[in-house]
Amino acid sequence: AQSVTQPDIHITVSEGASLELRCNYSYGATPYLFWYVQSPGQGLQLLLKYFSGDTLVQGIKGFEAEFKRSQSSFNLRKPSVHWSDAAEYFCAVRETGFQKLVFGTGTRLLVSP
Amino acid sequence: ETGVTQSPTHLIKTRGQQVTLRCSSQSGHNTVSWYQQALGQGPQFIFQYYREEENGRGNFPPRFSGLQFPNYSSELNVNALELDDSALYLCASSTGQGQQGYTFGSGTRLTVV
Numbered sequence: 001a002q003s004v005t006q007p008d009i010h011i012t013v014s015e016g017a018s019l020e021l022r023c024n025y026s027y028g029a030t031p032y033l034f035w036y037v038q039s040p041g042q043g044l045q046l047l048l049k050y051f052s053g054d055t056l057v058q059g060i061k062g063f064e065a066e067f068k069r070s071q072s073s074f075n076l077r078k079p080s081v082h083w084s085d086a087a088e089y090f091c092a093v094r095e096t097g098f099q100k101l102v103f104g105t106g107t108r109l110l111v112s113p
Numbered sequence: 114e115t116g117v118t119q120s121p122t123h124l125i126k127t128r129g130q131q132v133t134l135r136c137s138s139q140s141g142h143n144t145v146s147w148y149q150q151a152l153g154q155g156p157q158f159i160f161q162y163y164r165e166e167e168n169g170r171g172n173f174p175p176r177f178s179g180l181q182f183p184n185y186s187s188e189l190n191v192n193a194l195e196l197d198d199s200a201l202y203l204c205a206s207s208t209g210q211g212q213q214g215y216t217f218g219s220g221t222r223l224t225v226v
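Sequences listed follow chains A and B, in order. Quick note: the first sequence uses the working numbering, first residue 1, plus one each step. Quick note: the second sequence uses the working numbering, first residue 114, plus one each step.
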């Protein structure tokens, strides 16, 4: 069965600094991968997705992610973090056959002034 | 374009009671799935509906059931509520194969006392 690992439970970054959130997946074929962001008490907002093609994917709010098949990773990056980026970030992989998303446990991003 | 709307936003129920949560899918989306997100966890897939039929189910007991209506809106029903059912319930809609991603609602916060 597919699984997603987000090894960092919390990350604190200074405003204006760069950010990288790690995501590793377990999947036999080419995965469909997603990054979602969740603000407190809110639903999930899609940041970006990877289905095929260019392994560097651009998303909303200045985020990007790179798919690396050899490392089974799909890390999320942002060159300069803003205070409004403080939230919970979830990586997810879609199972084939039907559209079930398998989520990681999330990484909480804190932004310090 | 309207997004996914869920109702109610918050709900308190007593153990043993039954609850119905509602979801209106995004315009143009014909597939609806439901997720349970316990505090501090990633969302867990409950089930998915396509063309008014359940076509995928996660590891949830039969007391979790659902419906999809001709307008693609959906209901999640939970019978015999248990304390562990306390969670944020998220609805997501998508088109047939999810190629455009999955749009999530803001969720219903269910508290079982």
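Since the hints were derived computationally from the structure, they do not count as laboratory data. All values reported here derive from a predicted model rather than from experimental measurement. Glycine included, C-beta positions come from ideal geometry on N, C-alpha and C. Do not rely on the hints blindly, as some may be mistaken.
Here are some of the chain B residues that sit facing chain A, going by a computed Cβ distance under 7 angstroms [what the hints assert, rightly or not]: (1) Pro156; (2) Phe158; (3) Pro174; (4) Pro175; (5) Ala200; (6) Leu203; (7) Phe217.
Hints and how they fare:
1. Residue-level restraint check for B:Pro156 holds (minimum Cβ-Cβ distance to chain A is 5 angstroms; threshold 7 angstroms).
2. Because the smallest distance between the Cβ of B:Phe158 and any Cβ of chain A comes to about 5 angstroms, under 7 angstroms, the interface hint for this residue holds.
3. Restraint check, B:Pro174 versus chain A: the minimum CB separation of about 17 angstroms is more than 7 angstroms; hint violated.
4. Interface hint status for B:Pro175: violated, as the beta-carbon distance to the closest one in chain A is roughly 18 angstroms, over 7 angstroms.
5. A hinted interface residue such as B:Ala200 counts as satisfied when its beta carbon comes closer than 7 angstroms to some beta carbon of chain A; here the least separation is about 13 angstroms, so the hint is violated.
6. Checking B:Leu203 against chain A: minimum C-beta separation of about 6 angstroms stays under 7 angstroms; hint holds.
7. Interface restraint check for B:Phe217: the shortest CB-CB distance to chain A comes to about 4 angstroms, inside 7 angstroms, so the restraint holds.
Checked against the numbered hints above, the structure breaks hints 3, 4 and 5 and satisfies the rest.
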